[in-house]
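These are the residues of each chain, in order.
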Amino acid sequence: MVAVAGETAPRRVTRRRVLWVLLVVAAVGAYLGFRTAGAADSDDAAAFRFFTGVRNWVDDNRDTSPLFLYGVNYLRLGVRLLVDAVQAGLYGLGFAGLVAAAGAVALVLAGWRTALVAVGGFLAFGFLGLWAESVDTLVLTVSAVLLAVLTGVPIGVLAARVNWVSATLRPVLDVMQIMPTFAYLAPMTLLFLIGEPAAVIATLIYAVPATIRITELGLREVSPTSVEAATALGSTGRQLLTKVRLPMARPTIVLAVNQTIMMALSMVVITALIDAPGLGQNIIRALERVNVGVAFDAGLAIVIMAVVLDRITTGAARRRPATRGRSRWVVAGGALVAVVVVALLPIGQDLPRLSFAGPVNDLTGWIELHWYDATEWIKNVVSAGLLDPLESVLTSTPWWLFVLLVAAFGTLVSGVRSAAVAALAAAGIAGLGLWQHAMQTLATVLVTIVLTMAVGIVLGVWSARHDWFAAGLRPVLDAAQTMPSFVYLLPAVALFGASRFTAIMAGFVYAFPPVVRLVDRGLRDVPATVVEAAVSAGSTPRQLLWKVQLPMARGGLLLAANQGIVLVLAMVVLGGLVGAGALGYDVVAGFSQREDFGQGLAAGFAIVLLGILLDRLTQGFHHAKGPR
Amino acid sequence: MMRLRTVASAALILTLAACGGATSDAGESTPSAGAKGTVNLAVNPWVGYESDAAVVTYLLEKKLGYTVEKKELKEEISWQGFETGEVDAILENWGHADLKKTYIEQKKVAVEAGSTGNTGIIGWYVPQWMVDQYPDITDYKNLNKYASLFKTSESKGKGQLLGGDPSYVTNDVALINNLKLDYTVVFSGSEAAIIKAAQQAGAQKKPLLFYFYEPQWLFAQEKFVRIKLPPYTAGCDADPKKVACDYPDYDLDKIVSKKFADANSTAYQLIKNFKWTNDDQNLVSDYLTNQGMSADQAAEKWVNEHEATWKPWIPAGS
Numbered sequence: 001m002v003a004v005a006g007e008t009a010p011r012r013v014t015r016r017r018v019l020w021v022l023l024v025v026a027a028v029g030a031y032l033g034f035r036t037a038g039a040a041d042s043d044d045a046a047a048f049r050f051f052t053g054v055r056n057w058v059d060d061n062r063d064t065s066p067l068f069l070y071g072v073n074y075l076r077l078g079v080r081l082l083v084d085a086v087q088a089g090l091y092g093l094g095f096a097g098l099v100a101a102a103g104a105v106a107l108v109l110a111g112w113r114t115a116l117v118a119v120g121g122f123l124a125f126g127f128l129g130l131w132a133e134s135v136d137t138l139v140l141t142v143s144a145v146l147l148a149v150l151t152g153v154p155i156g157v158l159a160a161r162v163n164w165v166s167a168t169l170r171p172v173l174d175v176m177q178i179m180p181t182f183a184y185l186a187p188m189t190l191l192f193l194i195g196e197p198a199a200v201i202a203t204l205i206y207a208v209p210a211t212i213r214i215t216e217l218g219l220r221e222v223s224p225t226s227v228e229a230a231t232a233l234g235s236t237g238r239q240l241l242t243k244v245r246l247p248m249a250r251p252t253i254v255l256a257v258n259q260t261i262m263m264a265l266s267m268v269v270i271t272a273l274i275d276a277p278g279l280g281q282n283i284i285r286a287l288e289r290v291n292v293g294v295a296f297d298a299g300l301a302i303v304i305m306a307v308v309l310d311r312i313t314t315g316a317a318r319r320r321p322a323t324r325g326r327s328r329w330v331v332a333g334g335a336l337v338a339v340v341v342v343a344l345l346p347i348g349q350d351l352p353r354l355s356f357a358g359p360v361n362d363l364t365g366w367i368e369l370h371w372y373d374a375t376e377w378i379k380n381v382v383s384a385g386l387l388d389p390l391e392s393v394l395t396s397t398p399w400w401l402f403v404l405l406v407a408a409f410g411t412l413v414s415g416v417r418s419a420a421v422a423a424l425a426a427a428g429i430a431g432l433g434l435w436q437h438a439m440q441t442l443a444t445v446l447v448t449i450v451l452t453m454a455v456g457i458v459l460g461v462w463s464a465r466h467d468w469f470a471a472g473l474r475p476v477l478d479a480a481q482t483m484p485s486f487v488y489l490l491p492a493v494a495l496f497g498a499s500r501f502t503a504i505m506a507g508f509v510y511a512f513p514p515v516v517r518l519v520d521r522g523l524r525d526v527p528a529t530v531v532e533a534a535v536s537a538g539s540t541p542r543q544l545l546w547k548v549q550l551p552m553a554r555g556g557l558l559l560a561a562n563q564g565i566v567l568v569l570a571m572v573v574l575g576g577l578v579g580a581g582a583l584g585y586d587v588v589a590g591f592s593q594r595e596d597f598g599q600g601l602a603a604g605f606a607i608v609l610l611g612i613l614l615d616r617l618t619q620g621f622h623h624a625k626g627p628r
Numbered sequence: 629m630m631r632l633r634t635v636a637s638a639a640l641i642l643t644l645a646a647c648g649g650a651t652s653d654a655g656e657s658t659p660s661a662g663a664k665g666t667v668n669l670a671v672n673p674w675v676g677y678e679s680d681a682a683v684v685t686y687l688l689e690k691k692l693g694y695t696v697e698k699k700e701l702k703e704e705i706s707w708q709g710f711e712t713g714e715v716d717a718i719l720e721n722w723g724h725a726d727l728k729k730t731y732i733e734q735k736k737v738a739v740e741a742g743s744t745g746n747t748g749i750i751g752w753y754v755p756q757w758m759v760d761q762y763p764d765i766t767d768y769k770n771l772n773k774y775a776s777l778f779k780t781s782e783s784k785g786k787g788q789l790l791g792g793d794p795s796y797v798t799n800d801v802a803l804i805n806n807l808k809l810d811y812t813v814v815f816s817g818s819e820a821a822i823i824k825a826a827q828q829a830g831a832q833k834k835p836l837l838f839y840f841y842e843p844q845w846l847f848a849q850e851k852f853v854r855i856k857l858p859p860y861t862a863g864c865d866a867d868p869k870k871v872a873c874d875y876p877d878y879d880l881d882k883i884v885s886k887k888f889a890d891a892n893s894t895a896y897q898l899i900k901n902f903k904w905t906n907d908d909q910n911l912v913s914d915y916l917t918n919q920g921m922s923a924d925q926a927a928e929k930w931v932n933e934h935e936a937t938w939k940p941w942i943p944a945g946s
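So the protein lines, in turn, are chains A and B.
Residue numbers for the first sequence follow the working numbering, so the first one is 1 and each next one is one higher.
Residue numbers for the second sequence follow the working numbering, so the first one is 629 and each next one is one higher.
Fair warning: there could be bad hints in the mix.
[What the hints assert, rightly or not] Here's a subset of chain A near chain B, in silico, CB distances under 10 Å, partners left out:
1. Ile284
2. Val294
3. Thr411
4. Trp468
5. Gly472
6. Leu473
7. Gly575
8. Asp586
[As the list claims (entries may be wrong)] With beta-carbon atoms standing in for the labels, derived distance ranges:
9. Gly358/A x Lys856/B: 38 to 46 Å
10. Trp112/A x Asp924/B: 36 to 44 Å
11. Asn163/A x Asn806/B: 41 to 49 Å
12. Asn806/B x Asp388/A: 23 to 31 Å
13. Gly472/A x Asp767/B: 56 to 64 Å
[What the hints assert, rightly or not] Calculated lysine to aspartate or glutamate pairs in the DMTMM-like style (CA-CA distance at most 20 Å, straight line):
14. Lys736/B x Glu595/A
15. Lys728/B x Asp59/A
16. Lys735/B x Glu595/A
17. Lys769/B x Asp810/B
18. Lys729/B x Asp59/A
19. Lys699/B x Asp373/A
20. Lys856/B x Asp924/B
21. Lys691/B x Asp914/B
22. Lys903/B x Asp764/B
23. Lys735/B x Asp63/A
24. Lys779/B x Glu376/A
25. Lys779/B x Asp388/A
26. Lys869/B x Asp43/A
27. Lys870/B x Asp43/A
28. Lys870/B x Asp44/A
29. Lys833/B x Asp388/A
30. Lys886/B x Asp63/A
31. Lys736/B x Asp60/A
32. Lys735/B x Asp60/A
33. Lys736/B x Asp63/A
34. Lys728/B x Asp890/B
35. Lys690/B x Glu935/B
36. Lys729/B x Asp60/A
37. Lys887/B x Asp63/A
38. Lys786/B x Asp60/A
39. Lys834/B x Asp924/B
Worth flagging that the hints you see were computed from the coordinates, not collected in a lab.
Fair warning: this is a prediction, and the values are worked out from it, not measured in the lab.
Ideal placement from N, C-alpha and C gives every residue a C-beta, glycine not left out.
Work out the full structure, taking the sequences as your base and the hints as a guide.
This is the structure we're talking about:
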């Protein structure tokens with residue numbers, strides 16, 4: 001931007017505007033000229049048959065092919081060993097011992113306040129009557145996170161040092177993160193068997209991209225001056241890594257662990273469908289009985305676990321390595337002794353039962369009965385006024401025209417390279433034979449993103465301006481992000497019917513918390529001196545927001561949009577369970593019916609491609625429009 | 629037990645490394661399908677199935693002394709379990725001709741173990757209040773007259789027929805085409821979503837036409853009436869695209885793994901003998917859902933009150 005400042009800038013902006021107008025006119029013209037009725041997708045496409053073929057090959061060769069005999073099956077045995085070891089450890093501590101251990105870990109890593117939260121949280125599992133299930137869930141989460149850190153951090157370090165590794169990994173990580181677990185869960189149980197190993201590996205696939213990406217980011221952000229200084233002092237490459245880069249990237253790596261834990265916890269319910277033990281099974285069983293209250297208890301236990309683990313890891317990230325003195329070892333030693341003593345004490349787990357099932361059922365019952373007319377009206381207005389028109393435009397656009405438009409607008413917004421990737425992704429969706437379904441899903445996703453961004457930005461701005469609001473909002477955001485959506489899906493169906501709008505609401509609840517957080521962070525990161533300067537120059541609060549803070553926080557806002565997109569896509573499959581149809585339903589059907597497997601996996605890839613398309617368009621915007 | 633398994637898998641890794649690869653079931657505690665031991669029951673995700681599983685588990689454990697390992701799985705994964713040796717029995721199978729073909733005929737890892745005595749009924753239902761208000765709605769010929777009642781934001785101007793979980797048997801799309809009905813199928817995608825919609829249709833007096841089935845615990849709470857479609861005749865559903873008749877009654881049956889059947893244990897015999905009525909199952913389902921009992925409590929109550937029904941299932945001489 002600095003380079004084009006001066007006289008050339010205005011002319012360039014005008015030329016850009018003209019180009020935009022021309023392109024929009026051309027797009028509308030081409031759409032009107034070429035729109036089609038849009039034939040429905042068939043149940044049988046080359047892609048579906050190919051994926052079914054792959055599955056059958058795996059099915060037939062898993063006891064003969066060396067790939068499985070020497071690779072996959074050992075992997076499973078190893079994971080089984082790890083799970084059994086973690087399980088023996090956590091169960092061996094007993095109820096009181098584990099509560100004390102949680103407190104001790106929190107005390108050593110994050111201070112006494114967090115220790116209180118941890119002890120209270122773990123006691124709550126007992127009070128909810130969900131102790132054993134919570135420990136089972138903790139076992140799976142800890143195993144998956146251990147594996148993710150052991151594999152993800154080295155890969156992240158490598159990706160930060162070697163550019164081609166990073167470039168190759170990016171699409172792979174995209175697929176791992178966006179591909180719905182439902183799409184590959186069924187054949188996974190053939191390779192890794194029913195139960196814990198398959199559950200841990202499915203969780204790992206979903207969670208490890210976060211570890212790798214954030215570790216890579218952390219190492220790349222280590223200031224070059226420190227590295228240069230260390231090099232000048234004669235450090236070897238190994239010393240550079242272990243003495244300079246890793247210690248300096250430590251807070252970010254701890255953040256990576258934190259995000260990995262959150263991702264892993266969000267898989268708890270889905271892996272219950274392949275008999276992974278734990279809280280997910282309580283939720284699935286409560287759903288069969290349409291008993292929201294019972295599901296809420298289990299969901300609450302997951303929220304509490306997430307909050308405790310989150311506070312411990314963020315606390316650990318904030319602590320400065322300097323406090324790692326002798327006193328720290330004393331604290332750690334004392335805590336260890338205390339844990340051993342408590343674990344040996346004969347403390348039972350006979351706690352009074354505390355359940356929210358009754359009140360929650362009463363409350364949801366009342367809401368379902370009395371709010372229905374209002375919610376029905378909202379659903380109908382949004383569906384008819386926004387969703388239907390958007391969907392009919394998208395589905396009646398021929399695929400080649402859509403690809404061309406993505407390429408043209410993409411080039412204008414985010415440069416040739418991103419546009420090319422986005423256009424290829426669009427063409428890939430057409431190649432999978434799921435064009436109509438993908439466009440229906442895209443319409444729902446776009447509406448969800450608009451809603452999420454609108455609400456997220458408003459709340460984020462408020463929370464950046466008022467500390468009391470931010471403090472009050474934090475537990476709401478924590479709960480919304482970690483409460484398994486299966487818990488609130490049924491009340492949503494009761495209020496909005498089995499419809500696309502229900503899927504939109506579920507996606508919104510899941511995706512808005514990170515948007516609020518990123519907007520809040522972005523605004524708070526605007527340097528205080530700039531704000532002061534603007535205020536002393538006579539800006540009203542309104543001007544301050546629109547002319548100074550929001551423009552300067554653009555990087556944060558775009559990152560928020562980007563994260564919002566990824567999270568909304570993660571909810572597409574859930575939409576398939578509540579009447580939204582399209583790609584989400586295809587994936588669910590592929591999980592349920594053997595003959596639909598190919599179509600389900602193809603739909604999974606279509607969701608990935610939609611994600612890449614939206615991501616490249618928004619991230620490209622991010623890079624093309626100047627510095628962060 | 630657990631530590632033993634850990635040591636065993638560690639030992640297995642070592643020995644197998646010496647003699648060439650690990651097969652897909654290496655290192656797992658395989659079911660001892662022979663003598664008194666563990667029986668691995670698949671539990672598919674609907675309450676009627678859970679009722680079967682609760683009673684069979686109770687009898688196996690309390691009367692025959694087995695340990696039962698319940699595995700909460702979707703149908704298809706349960707069938708895969710026959711192949712890996714992780715599932716011994718499926719207690720309530722709804723048709724699934726394709727899976728029977730794959731696992732019974734081709735892979736030969738499973739065998740049929742007879743009817744459960746339950747009849748599965750599939751059909752289209754409306755809430756009772758609609759029948760009171762529009763008495764002729766139960767005939768499919770009159771459905772077009774009422775199509776506008778069933779319009780929703782999802783049904784593209786036509787009447788909505790709410791479909792179920794994708795794993796269920798359905799001919800709904802073909803039926804609507806072939807009977808020339810002014811309706812469209814909206815796939816709810818899950819059983820819970822259908823039940824919730826049906827409950828709301830009753831509570832709010834909102835019109836709803838939906839795919840549903842019996843035995844189902846919801847019928848103990850509320851009344852729903854089945855629409856009369858052209859009667860089923862043998863073979864009228866042979867071509868899935870040309871179906872224009874009602875769903876047949878399904879004879880729900882049990883499937884067990886070949887290994888389990890060949891061992892012919894008393895557990896296998898009990899499962900083979902297990903046979904009860906829709907009323908029996910609905911009663912246990914009612915205990916589980918509307919009365920909030922655990923599986924064990926529900927089974928115990930039913931077993932105590934129905935000795936004449938279950939006595940014949942217990943194999944002679946045990």
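Evaluation of the provided hints:
The restraint placing Ile284/A at the interface with chain B holds, with a minimum CB-CB distance near 6 Å, inside the 10 Å limit. Satisfaction of the interface hint for Val294/A is found here, the shortest Cβ-Cβ separation to chain B being roughly 9 Å, below the 10 Å cut-off. Hint status for Thr411/A relative to chain B: violated, with the closest Cβ pair at about 36 Å, above 10 Å. Proximity of Trp468/A to chain B is violated relative to the hint, the smallest CB-CB distance being about 37 Å (cut-off 10 Å).
Because the beta carbon of Gly472/A sits about 31 Å from the nearest beta carbon in chain B, more than 10 Å, this interface hint is broken. Here the hint on Leu473/A is broken, as its CB sits about 30 Å from the closest CB of chain B, past 10 Å. Given hint, Gly575/A at the interface with chain B, holds; its Cβ is 8 Å from that chain's nearest Cβ, closer than 10 Å. This hint holds: Asp586/A has a C-beta 9 Å from the nearest C-beta of chain B, less than the 10 Å allowed.
Between Gly358/A and Lys856/B the C-beta distance comes to about 41 Å, which sits within the given range of 38 to 46 Å. For Trp112/A and Asp924/B, the hinted distance range of 36 to 44 Å is satisfied, since their beta carbons lie about 43 Å from each other. Checked against the hint of 41 to 49 Å, the C-beta distance between Asn163/A and Asn806/B comes to roughly 60 Å, which is inconsistent with it. Taking the beta carbon of each, Asn806/B and Asp388/A are about 28 Å apart, inside 23 to 31 Å as hinted.
About 57 Å separates the C-beta atoms of Gly472/A and Asp767/B, a value consistent with the hinted range of 56 to 64 Å. Among the hinted pairs, Lys736/B with Glu595/A is consistent with the structure: their alpha-carbon atoms are about 19 Å apart, no more than 20 Å. Only pairs whose Cα atoms come within 20 Å are accepted, and Lys728/B paired with Asp59/A is accepted, the gap being roughly 16 Å. Restraint check for Lys735/B and Glu595/A: the C-alpha separation of about 16 Å stays at or below 20 Å, so the hint holds.
Using a Cα cut-off of 20 Å, the hinted pair Lys769/B and Asp810/B holds, with the two alpha carbons roughly 11 Å apart. At most 20 Å may separate the alpha-carbon atoms for a hinted pair to count; Lys729/B and Asp59/A meet this at roughly 15 Å. Proposed proximity of Lys699/B and Asp373/A is contradicted: the alpha carbons are some 41 Å apart, above 20 Å. Taking the CA atoms of Lys856/B and Asp924/B, the gap is about 38 Å. The hint is violated against a cut of 20 Å.
Pair hint Lys691/B plus Asp914/B does not hold up; C-alpha atoms about 24 Å apart against a cutoff of 20 Å. A C-alpha spacing of about 37 Å is found between Lys903/B and Asp764/B, which places the hinted pair above 20 Å, so the restraint is violated. The hinted pair formed by Lys735/B and Asp63/A meets the criterion: a straight-line CA distance of about 14 Å does not exceed 20 Å. Our distance criterion of 20 Å between C-alpha atoms is met by Lys779/B and Glu376/A, whose separation comes to about 13 Å.
For the hint pairing Lys779/B with Asp388/A, the CA-to-CA distance comes to about 15 Å; that is within 20 Å, so the pair holds. About 13 Å separates the Cα atoms of Lys869/B and Asp43/A, which keeps this hinted pair within 20 Å; it holds. Only pairs whose Cα atoms come within 20 Å are accepted, and Lys870/B paired with Asp43/A is accepted, the gap being roughly 17 Å. The hinted pair formed by Lys870/B and Asp44/A meets the criterion: a straight-line CA distance of about 18 Å does not exceed 20 Å.
The suggested pairing of Lys833/B with Asp388/A is violated, with an alpha-carbon distance near 26 Å, which exceeds 20 Å. Of the pairs offered as hints, the one joining Lys886/B and Asp63/A holds, with about 19 Å between alpha carbons and a cut-off of 20 Å not exceeded. For the given pair, Lys736/B sits about 14 Å from Asp60/A by alpha-carbon distance, which is consistent with the 20 Å threshold. With a C-alpha separation of about 10 Å, the suggested pair Lys735/B and Asp60/A falls inside the 20 Å cut-off, and the hint holds.
Our distance criterion of 20 Å between C-alpha atoms is met by Lys736/B and Asp63/A, whose separation comes to about 16 Å. Proposed proximity of Lys728/B and Asp890/B is supported: the alpha carbons are some 18 Å apart, at most 20 Å. With a C-alpha separation of about 14 Å, the suggested pair Lys690/B and Glu935/B falls inside the 20 Å cut-off, and the hint holds. A threshold of 20 Å between alpha carbons decides the hint, and for Lys729/B with Asp60/A the separation of about 16 Å falls inside it, so the pair holds.
Of the pairs offered as hints, the one joining Lys887/B and Asp63/A holds, with about 18 Å between alpha carbons and a cut-off of 20 Å not exceeded. In summary, the hint linking Lys786/B to Asp60/A is not supported, as the alpha carbons are separated by about 45 Å, beyond the 20 Å threshold. In summary, the hint linking Lys834/B to Asp924/B is not supported, as the alpha carbons are separated by about 37 Å, beyond the 20 Å threshold.
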